[in-house]
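Chains as they are written, first to last, in our numbering: chain A, 1 to 112; chain B, 1 to 150; chain C, 1 to 180.
If you're looking for bench data, these hints aren't it; they were derived computationally from the structure. The structure displayed is predicted, hence computed values, not measured ones. For every residue, glycine included, the Cβ atom is placed at its ideal position computed from N, Cα and C. Do not take every clue at face value.
Stated by the list, open to error - If you want the footprint, here are the derived chain A segments under chain C, 3+ residues with CB under 8 Å:
#1 12 to 20
#2 25 to 37
#3 41 to 51
#4 61 to 74
#5 77 to 84
#6 88 to 96
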Amino acid sequence: MIAYILCLTLFCVGLYCILRKRNIIKIIVGIIIAEYAVNLFFILVGYRWEGRSPIFSSDTPIVDMVDALPQAVVLTSIVIGLATTALLVALAMRIYGKYGTFDITKIRELKG
Amino acid sequence: MSREREQGMSVIVKTITRLTVGLILLYGIYILLHGHVSPGGGFAGGVIIALSFVHLMLAYGKDVALRKLPKPATSFFEGMGALLFLAIALLGFTGGYFFLNVLGKGEPFRLFSAGIIPLANIAISLKVGAGLFAIFVALVLLKYEAEERR
Amino acid sequence: MLELYILLVFMIIGAIIAVEVKDLLSSVVAVGAVGLALSIAFLILKAPDVAITQLVVELLALIILIRATLKRDLPFSTSGRWFFNTFVTAAFIAVFLMAAVMSLGDLPPFGYPLMRVAGTYLREGLLKTGATNIVAAVILDFRAFDTLGEATVLFAAVIGVLTVVRRTGRKSEGQVIEED
């Protein structure tokens with residue numbers, strides 16, 4: 001239970017950073033932290049006390065394994081998170097080339 | 001030769017890179033091929049292969065790295081990886097439905113076992129590795145253009 | 001499970017440092033520390049596949065982020081609408097926390113998962129696919145459609161980056177366009 005609450009706190013730190021900061025790179029850092037928290041939450045749900053990792057070994061029989069389904073889902077999610085981060089960084093660099101700043105309050109050409 | 005001496009990092013970094021780049025590539029191929037018997041698989045192996053080329057580019061500058069893996073070759077590998085994965089999936093139609101595991105199962109713990117899973121790992125790693133290297137090359141070139149305009 | 005709690009507290013402290021520090025390079029380094037601690041946490045939770053992937057992917061994300069933040073300055077100014085922003089942020093996080101804590105009671109207790117579907121995968125995985133790594137069998141045989149979707153998303157992201165980076169506009173006749 002404590003693990004769930006700590007994971008939720010990590011997500012809230014990332015959420016606070018997305019909502020409050022004015023620098024685009026800080027917003028990207030907040031998105032990365034929120035993604036870490038969500039992936040950790042999935043693996044926490046699938047954990048089993050005194051479980052083993054879901055890989056068979058040739059000498060000892062393994063009877064109780066942790067849940068293998070959240071691990072498969074999180075594997076895909078981590079690589080997609082990298083693709084999202086790369087796209088965001090490319091957009092941020094383009095914005096810097098055009099406006100000369102990372103501050104989001106100074107980017108006003110699409111307003112109105 | 002003297003133009004390459006200006007680009008990239010110092011001599012110590014270049015010497016160590018010459019020793020380790022091949023080992024990183026070999027390690028990535030090992031993790032990729034043993035994806036069905038030990039942890040790892042297509043995604044981790046593909047990212048490690050991309051990291052070895054990124055390592056070459058960081059230490060030597062972009063000209064040397066782009067000579068080893070030029071841009072048309074990168075886009076060819078990425079498209080080929082995606083099409084290979086689709087072809088393996090359509091191969092399942094010969095057995096019954098989409099994505100059926102049609103090749104022989106083999107015995108466990110051997111390298112040639114588990115049907116189409118090693119082939120699918122190779123296709124996925126080609127796609128992920130070439131795609132991530134293409135993203136990195138594009139971002140590095142953009143940075144150079146923004147710097148030279150100032 | 002004491003190691004897991006210590007790692008989680010370390011991650012929270014690292015995240016707070018990454019959010020609050022004024023220098024951009026320092027905050028990227030702090031995010032790297034959080035990612036490495038997460039990889040160790042995955043190893044403690046008996047997920048070696050995920051730990052390897054998280055480690056190498058986070059290295060690549062760090063390289064890309066550092067490439068973008070080298071030699072950039074950090075402007076900081078507080079002007080207008082600051083009170084409204086504070087109020088909305090506090091209200092949003094409060095509502096989210098209340099809803100999340102209320103729904104935490106519906107989860108199974110930590111350490112006793114339901115495993116209704118995964119039980120079938122674990123029992124029959126070796127027999128039906130012949131692979132000894134059950135996670136690889138799940139992502140490439142039982143759930144191969146998800147992997148196909150993920151390959152498509154990665155492809156779309158690469159096309160997106162190459163489009164954003166491309167030099168636009170027309171050039172005059174004598175200029176040589178370098179292919180990007």
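Note to self: I'd like to know which numbered hints this structure contradicts. Please list them from smallest to largest.
What the structure shows: Of the numbered hints given earlier, the structure breaks none, since each of them holds.
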